[in-house]
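Visitor: Sequence:
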Amino acid sequence: MDPQPTPFDQLGGLDGLRALLADFYDRVFADPMIGFLFRGQEKARLIELETQFTARALGAEVAYSGRTMREAHARHPIMRGHFQRRNVLLEQTLRDHAVPEAVAERWLAHTRALAAAILGPARRGEHCDHELQATRSAPRVTGVVEYNP
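Quick note: to get the numbering used here, add 2 to the position in the sequence shown (first position is 1).
If you are wondering where the hints come from, they were derived from the structure by calculation, not from laboratory data. Even for Gly, the Cβ is constructed at its ideal location relative to N, Cα and C. It is possible that some hints are incorrect.
[Unchecked claim] Using C-beta positions, here's what the derived DEER-type ranges look like: (1) P7 - A65: 16 to 22 Å; (2) P5 - D25: 24 to 30 Å; (3) G83 - D25: 20 to 26 Å; (4) E50 - D11: 16 to 22 Å; (5) F31 - A100: 21 to 27 Å; (6) G68 - G18: 18 to 24 Å; (7) G122 - P7: 31 to 37 Å; (8) A111 - D11: 14 to 20 Å; (9) R114 - G68: 15 to 21 Å; (10) T8 - Q94: 20 to 26 Å; (11) F31 - Y66: 17 to 23 Å.
[Stated by the list, open to error] Capping the alpha-carbon separation at 20 Å, the derived lysine to aspartate or glutamate pairs in DMTMM-like fashion look like this: (12) K45 - D33; (13) K45 - D28; (14) K45 - D25; (15) K45 - E73; (16) K45 - D17.
Using the sequences and the hints, build the whole thing.
Guide: Right under this line is the structure:
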């Protein structure tokens with residue numbers, strides 16, 4: 003009797019998961035709501051670390067070489083709305099890649115469970131902390147920008 007394939011196997015193993023996450027991170031980096039949080043980040047490195055992390059969560063015996071979620075995200079001004087937007091982009095990517103519903107639900111549940119570690123106690127609220135956001139490293143737009151199609 004063949005063992006039941008893991009959710010990781012159902013995604014096509016490391017290659018399938020990596021391809022899906024490459025599409026996801028293309029969306030994240032380009033997103034007008036959260037893309038600024040990823041400025042200066044190395045996309046290929048994030049894809050590799052997320053591939054390792056997600057593979058483990060989906061049943062693969064893959065080593066994760068990154069920091070804890072709390073350590074990796076502590077210096078970033080991530081608010082609950084940013085976290086929720088990332089989840090929306092993930093859900094859309096999973097749907098567009100026709101990920102089986104049970105696999106998608108397991109992945110999304112795992113991601114939602116990371117909120118406390120990623121947001122930390124000071125950023126779990128629903129509303130923007132304007133003082134915290136003012137300290138972020140994203141450039142401020144000043145003056146008028148003309149649009150010439």
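Visitor: Now tell me if each hint is right for this structure.
Guide: Results of checking the hints against the structure:
1. P7 - A65: 16 to 22 Å: holds, 21 Å
2. P5 - D25: 24 to 30 Å: Because 29 Å falls inside the window, the suggested range holds.
3. G83 - D25: 20 to 26 Å: holds, 23 Å
4. E50 - D11: 16 to 22 Å: holds, 20 Å
5. F31 - A100: 21 to 27 Å: 23 Å Cβ-Cβ, so the 21 to 27 Å window holds.
6. G68 - G18: 18 to 24 Å: The hint (18 to 24 Å, Cβ to Cβ) holds, given that G68 and G18 are roughly 20 Å apart.
7. G122 - P7: 31 to 37 Å: holds, 36 Å
8. A111 - D11: 14 to 20 Å: Since A111 and D11 have Cβ atoms about 18 Å apart, the given range 14 to 20 Å holds.
9. R114 - G68: 15 to 21 Å: With Cβ atoms ~19 Å apart, the hint holds.
10. T8 - Q94: 20 to 26 Å: For T8 and Q94 the Cβ distance comes to about 23 Å; the hint holds.
11. F31 - Y66: 17 to 23 Å: This hint holds: roughly 22 Å between Cβ atoms.
12. K45 - D33: Holds, at roughly 14 Å.
13. K45 - D28: Holds - the C-alpha atoms of D28 and K45 are around 8 Å apart, at most 20 Å.
14. K45 - D25: Holds: K45 and D25 sit about 11 Å apart, inside 20 Å.
15. K45 - E73: holds, 18 Å
16. K45 - D17: holds, 16 Å
Checked against the numbered hints above, the structure violates none of them.
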